[in-house]
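Just need the whole structure built from these sequences, with the hints factored in.
Sequences listed follow chains A and B, in order. Just so you know, we're using the numbering used here here: the first sequence kicks off at 1 and counts up by one. Just so you know, we're using the numbering used here here: the second sequence kicks off at 1 and counts up by one.
For the record, the hints were derived by calculation from the structure and aren't laboratory data.
Computed cross-link-like contacts, SDA-like style, restricted to lysine to any residue with a CA-CA straight-line distance of at most 25 angstroms: (1) K201(B) - A174(A); (2) K122(B) - N152(A); (3) K146(A) - V118(A); (4) K201(B) - S24(A); (5) K284(B) - R294(B); (6) K122(B) - L121(A); (7) K201(B) - T173(A); (8) K201(B) - G26(A); (9) K122(B) - E94(B); (10) K263(B) - E37(A); (11) K4(A) - H72(A); (12) K259(B) - E31(A); (13) K259(B) - L38(A); (14) K259(B) - N39(A); (15) K263(B) - H59(A); (16) K4(A) - D42(A); (17) K263(B) - F64(A); (18) K201(B) - R20(A); (19) K204(B) - E194(B); (20) K204(B) - E31(A); (21) K122(B) - N108(A); (22) K284(B) - A219(B); (23) K122(B) - L66(B); (24) K204(B) - G142(B); (25) K204(B) - A25(A); (26) K185(A) - L38(A); (27) K263(B) - G62(A); (28) K259(B) - A276(B); (29) K122(B) - E129(A).
Calculated Cβ distances over 10 angstroms to all of chain A for the following chain B residues: (30) E141; (31) V158; (32) R169; (33) E185; (34) N243.
Quick reminder that beta carbons are idealized off the backbone N, C-alpha and C, glycines included.
Below are the chains, spelled out letter by letter.
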Amino acid sequence: MAGKTVGVLALQGDYERHVRALESAGAHAVEVRTVSELNAADALVLPGGESTTMLKLLHREGLFEPLKAFGHSKPIFGTCAGAILLATHVTSPEQESLGLMDIGVQRNAYGRQLDSRVVTLPSDLGDLEAVFIRAPIIRSVGPEVKVLATYNNDPVLAEQGRHLVATFHPELTADPRVHAYFLTKL
Amino acid sequence: MILNEEYRLKVGLAEMLKGGVIMDVVTPEQAIIAERAGACAVMALERVPSDIRRDGGVARMSHISLIRGIMEAVSIPVMAKARIGHFVEARVLEALSVDYIDESEVLTPADEENHIDKRDFKVPFVCGARNLGEALRRIGEGAAMIRTKGEAGSGNIVEAVRHMRTIVREMRQLTVLGTEELMAEAKKHQAPFELIEWVAKHGKLPVPNFSAGGVATPADAALVMQLGAEAVFVGSGIFKSENPEVFAKAVVKATTYYKDPVKVMEACEEIGESKAMVGLEISKIAEGELMQTRGW
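What follows is the structure, given as structure tokens:
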């Protein structure tokens with residue numbers, strides 16, 4: 001990992017918190033808004049935020065296809081909106097996605113902001129404090145997806161090869177373990 | 001200040017809105033245009049601030065049917081405004097499950113002395129501020145997001161700039177003081193001591209700091225972002241412009257790429273020849289009609 005750079009897609013959302021979380025996990029992190037910044041990174045985080053907003057900007061700024069290509073050779077970690085972007089299938093409403101992880105995701109599946117919550121979850125990485133904010137639910141996982149944590153029997157932390165998704169926000173806690181785990185994929 | 005679970009969730013949603021544009025909308029159709037343009041949230045209201053200013057009279061919380069229609073039309077977060085101090089309007093909006101409440105000076109205040117005790121709500125609040133003391137008083141009451149007041153409905157960025165510069169300067173000044181000087185600062189700013197201490201240590205607000213009140217062009221949005229705003233509210237600026245769809249897209253682009261002059265130039269170019277909303281010179285607004293002086 002030494003000398004490697006982790007980009008954080010910084011079109012919209014809590015990208016600053018991811019930069020901080022990656023740095024506290026020992027990585028060199030940079031904000032990514034253009035194709036050249038993307039291609040200079042060795043791995044990428046897709047932050048929390050509004051997936052519709054990010055999707056629109058990805059298309060308008062010509063980042064969608066380069067991002068897909070990036071995911072075919074380098075690791076991507078998506079949280080919340082980022083998990084929605086990485087999925088193969090998105091509902092409520094249906095929207096386009098990168099199709100880099102074999103999961104089906106339902107947006108805002110717990111309800112509105114009043115249904116946001118903080119819970120403690122057992123996971124393959126130990127007990128994690130999980131902050132869910134207008135979170136999506138992973139409704140289906142393909143055969144190559146490994147589930148690392150569940151909440152109410154739904155997968156909330158999962159990986160497929162080099163990619164990782166969380167429907168909660170590890171970047172909003174002081175615990176760097178999930179980010180540290182992602183860095184092992186570099 | 002204790003960052004309990006509920007408060008973290010409230011601040012958490014504000015974190016998700018960073019780098020984005022929150023647009024005022026008065027119909028479900030406008031909400032859809034805003035979402036399509038890339039807004040990260042919408043503010044549902046009956047009249048945009050420039051119309052409230054023009055029409056006069058008492059401005060209140062919007063009709064439930066209107067807010068509900070907007071909530072059903074889009075998948076992004078929906079905010080709504082309650083009058084300053086009107087905790088019943090706020091409870092009604094909470095019962096409706098809006099995602100954020102703006103205790104807003106754009107509406108006619110219901111209480112000239114007290115703001116809402118926001119700690120005791122499950123739904124998060126955003127409040128306006130003109131300076132650090134006002135921001136910290138609102139955070140003390142439980143606000144999970146601060147925005148500059150600017151001068152709503154004016155189409156003039158000058159007040160939002162003044163307020164953002166004031167807040168940022170006052171925070172910076174605290175960071176160089178000795179701990180023994182902070183109680184006098186709390187007295188001067190009329191703000192809770194613990195929050196003055198927090199800002200002195202961290203050099204920023206404990207909640208996201210957004211800008212509002214007068215943004216009318218993509219360049220305005222990039223300006224307040226460069227001055228330290230973490231996201232931008234656009235009230236009348238979108239739907240009072242000649243071509244709302246194009247303006248909305250261009251403001252989103254300029255907000256994301258606020259540090260890149262070439263991208264901001266492209267955003268300005270996207271507007272073509274279409275006109276921004278007509279602006280007002282602040283000195284021409286009668287003192288009694290200023291919105292920023294409502295609340296304290």
